[in-house]
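Construct all of the structure, not just a fragment, from the sequences and the given hints.
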Amino acid sequence: MEFSVQPDRTDHRIAWLAALAITIHIAESALPNPLPGVKPGLANVVTIAVLCLYGWRMAAWVSLLRVLVGSLLLGTFLSPTFVLSLAGALASITTLGAASALSAHLLPGRGLGPAGYSLLAAMAHIAGQFYSAYWLFIPHAALFTLLPVLMTLAVILGLINGIITRTMLQRLSPSSPS
Amino acid sequence: MTRADVVVLVLALALLPLLYVKFWHHGAAGEQVRIRVDGKPWKVVSLAHDRRVTVPGALGDSVLEIKDGAVRFIASPCASKFCIHSGWLHDGGAFTACLPNRVSIEVIGARVRYDAINF
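Heads up: the protein sequence lines correspond to chains G and C, in order. Those letters in the first sequence? Residues 1 to 178, per our numbering, in order. Those letters in the second sequence? Residues 1 to 119, per our numbering, in order.
Just so you know, nobody snuck in bad clues.
Partner residues are not named here, just some residues of chain C that face chain G (Cβ under 7 Å, in silico):
# : residue
1 : M1
2 : T2
3 : A4
4 : D5
5 : V8
6 : A12
7 : L16
8 : L19
9 : F23
Which stretches of chain G does chain C cover? Using the computed rule of at least three CB atoms under 8 Å from a CB of chain C, they are:
#  : stretch
10 : 106-118
11 : 138-152
Restraint ranges, calculated between C-beta atoms of paired labels, are given here:
#  : chain 1 : residue 1 : chain 2 : residue 2 : range
12 : G       : V149      : C       : V7        : 17 to 27 Å
13 : G       : T23       : C       : L99       : 42 to 52 Å
14 : C       : V21       : G       : P36       : 20 to 30 Å
15 : C       : V44       : G       : T94       : 48 to 58 Å
16 : G       : L78       : C       : H49       : 47 to 57 Å
17 : G       : A19       : C       : H25       : 43 to 53 Å
18 : C       : V21       : G       : G55       : 33 to 43 Å
19 : C       : V44       : G       : T81       : 39 to 49 Å
20 : G       : N33       : C       : K67       : 33 to 43 Å
Since the hints were made in silico from the structure, they are not lab data. Just so it is clear, CB atoms sit at the ideal spot from N, CA and C, and this is done for glycine as well.
Written out as structure tokens, the structure is:
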């Protein structure tokens, strides 16, 4: 018996969007970091846009593929950086899944927009990374002194990314969700 | 920005000061500092009064300064001065040492903030 798996339109779409996210991720990694472990996270603009346009499943695929392939291309696959990155991505995807489900059920039509999703995803991402770093690499109580600073940056950058996403979605189609 | 977005933003902004208060606030003030030389307890000094303590170690004398309920190394005969760079120790459980000089200090307080410290 012969099975053949044909990639369908959804697969192509995921691949295309993941490639876009990966490109942004790689380009951004060329920028210098003022603070270790914090980046603007512009690739998340793609993740949130995909969430708003195509739903959570596609966003989860794009996000995980971006983390995986990005780490392969940057040479950090299976390194501690990768573990932290993956932990953050899993935390933010889970949060986005819960948020989009709640938003769809409790507030149909007037739920969270890109800015809210981006904010939640950024905070979940930083929290996931921080706690992974705390449990796996630096189990020192004084690490928590960093958490307020990291969370402040997550809120600021998450909001900026959310505004970028919203502007992008509005330009893509005037009738799309704001 | 939908109303739900604004709610999320307000909640996030409300969370931030709570984090600063919780994690940047010094724990229960230490009451005494236990000074060990060669691993053996040498003296327990109260942090209530400002003073300097000279501790004889393997390489020479380390000087501790006690001020405002906190303690720090201010002079030590070691090469790298990690002990001095540890800075002020306020909270119960806080610990630092001058390893070349074999002097260590640990703050004892009513409530312990750190139960173990790894470097």
